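Asks: Listed below, chain by chain, are the residues.
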Amino acid sequence: MQTSANLQLQLTLNSVLISEFYPLLQRGVWLPVTTGCSVMNLLNSQLGIAEVYVQDRITTLFLDGKAIDELTSAYIEDGSTLALSTAMPGLVGSTMRRGGHLAAMRGEITCHPSQAVATGAGTVKIKLFNMLMKEIGPLLLERGIFLSGAELITLLTAGGASLRNGCDSVILDGFPLPCAELFEQLPTRVNPQQMMLLKVIWQG
Amino acid sequence: MDKILRINMGASGGPSQSIEKAGEFTALGGRATTSMIVAKEVPPDCHPLGAENKLVIAPGMLSGTTGAMSGRISVGCKSPLTGGIKESNAGGQPAQVMARLGYAAIIIEGKPATDDLYKIHIDKDKVTISVDNSLKLMDNYPLIEKLRKEHGDNAAYMSIGSAGERKMAAASIACTDPELRPSRHCGRGGVGAVMGAKQVKAIIFDDKGCQQRPPKDPDGFKAANRAYVEGIRKHAVSGEGLPAYGTNILTNVLNEAGGYPTRNFKTGFFEGGTNISGETQAELEVKRGGLATHGCHRGCVIQCSGVYNDKDGKFLTKQPEYETVWSHGGHCGIDDLDTIAMLDYLDDNIGVDTIEMGVAIGVAMDGGVIEFGDGEGAIRLVRDEVGKGTPLGRILGNGAAMTGKAFAVERVPVVKGQAIPAYDPRTVQGIGVTYATSTMGADHTAGYAVATNILKVGGDVDPLKPEGQVELSRNLQIATTAIDSTGMCLFIAFPILDQPETFDALLGMLGAFYGTKMTGDDVIALGKKVLNMEREFNKKAGFGAEDDRLPRFFKTEPLPPHNITFAVKDEELDELYNWG
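Sequence lines, in order, name chains A and B.
Start counting the first sequence at 1; every next residue gets the next number (our numbering).
Start counting the second sequence at 205; every next residue gets the next number (our numbering).
Derived from the structure by calculation, the hints contain no laboratory data.
Keep in mind it's a predicted model, so treat the numbers as computed, not measured.
There's no promise every hint is true.
Listed next, the in silico EDC-like pairs over lysine to aspartate or glutamate satisfying Cα-Cα at most 16 Å (straight line) [what the hints assert, rightly or not]: (1) A/K125 to A/D78; (2) B/K350 to B/E383; (3) B/K207 to B/D327; (4) B/K244 to B/E256; (5) B/K721 to B/D708; (6) B/K744 to B/E245; (7) A/K134 to B/E444; (8) A/K134 to B/E487; (9) B/K515 to B/D542; (10) B/K491 to A/E20; (11) A/K199 to A/E142; (12) B/K438 to A/D56.
The whole structure should be built from the sequences, with the hints applied where relevant.
Replies: Written as structure tokens, this is what we have:
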């Protein structure tokens, strides 16, 4: 998977604007990471999410569509998709819960312990659902996410005036740029096919 | 709740009424009351729309008290959709008001000799049954507006729309919410058609002059209620996830698990899922000046509902539930929330079950009536066909099974004639066991996650063994039947499942209210008793082991992306009711 970007963009945004990223966070964002590690290693050691938060708060996880019960024996490969959620309602919500009493009811889609895979630079797609979008989303965006120019255009266009007004500064490939210029010149500044690294600094 | 109101719509000279002592039903409620009365009084082989069927309405054990989450109302009858026994419940205000009026149940029986349409008004002094043919073929929203002008805003209303009058097997009974919108529905199984067959358009409950029901031990009740509310509020599901996003919080997770039935159960992943997720829905509701957090009845502390406004900021419908968003959304290949919200409104207005209606439309799409993803077409089918009672509308309004036959569709997702809801049983095989064996037909709430690990229903289960699927489902169905019998909202399941002290608080509330000590064993015994009665009714109605099956395509068609089939054997399903 791609581990470098053609263009780097850094935005300084008001922290309330995290909600503008919710559609993107639900669909999933690509992160440059060291792959070949356990899910717990990725979340705790690499992404800096406290272990107690992972244990208590992220109670529903899927690795490539399979429900995870054991955080230390499920391994991240280059190109994996990891979806994270808090506890879910309903019978099926409970069934999906990590290590839950009803886990047997979804045995066919349970992620079974695997052998450790080779470590190396790679990317992982992380999807955030419900409360985790607000709680972990800022952290991932601070760290930097890969996205296509088309995704960036969609994000900034959908965010409209609120994103534009809440943007304090823009740095494009190391050079400061007036915020208005970025929004006004999006089609000329960003190629939809181009892969970008977006970082967000949060204010307030 | 010491009395039962019996109304004979077929009495000579016009409907008659009588009051009976509640007897054994004084300290019961919900599904226990409705199923016991139906099992005792309705001939299992009767025609569901005939005079011998009865419509039984019961509040919960703690309805009409200050107890939180106690506002579910149950409706029971022989189902015109499944042909078996049916209990369908809803939120809204009627349970609280009916209980304060002192009724443990209302039994509506017989059938009028004329084609007059009736309304029933109940206050603390009398019951008035009157002809009102001006209400004929009115749908729920305009109907309630009209009734409010006559009966006021302090009443609670139960009503049927045009689908109920037309006796469609997907017809629901609407219950008004605190804002007097007919937005909460006893949806499943065609209970609205039975009310229509009795020619009762509306029941108006007015509790003016009535007090909250007093507990035997007020201090004990107050303390237990406080602990119970604290337990609900501190839990991540009932105190956080549901209030923030409603039940539609499940869309993303089911989709990620590959268990989100898409385009009539062809795949388990919908590419448009995030466009209609609870997270997206909540953001949109707030942006438009609606509400992402709202209670369906007074006394609700979870507040899992909401208010969905249209693009102009005007009320369109209540927050569509997960199952509704799925049935009209992913199941039909539609990823537009405004289209789904409009369909939810139309369903509520016409008075049809949103699950049955959405699944029927998806089946019709599979049969070539319209294309998958055709939102405008789906609206037209509900509004102009079902809503106007055209021949096509009557096919759709009689549910997915009827629609499948009419359009020669092989893949028809029903059990006992009732549409399978929003969780593919190939991905979550345990829920497939419940779909197959429930006395109610396919029903996602029949085997809810209710405290089985605490109650140890039927002993401990090894969740790692495949045969645990049947045992888990059995335990869940017993426990759920018991909770349904208390008339409490099922969403209390999670604080109860995870927090033993919250379960104890619930038992404490029941004990303090009725002056008896209730144990977990009592709860389980009640669940088994009710299930046995329902099972016996269904046997006498003609159901056998062959009806406790999923449609064959679940066994033969692998579901992408995991490519799995339903693997629980028939003989294992047949073991479900062997609990000794």
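Asks: State the violated hints by number, sorted upward, taking the hints as numbered earlier in the document.
Replies: Of the numbered hints given earlier, the structure breaks none, since each of them holds.
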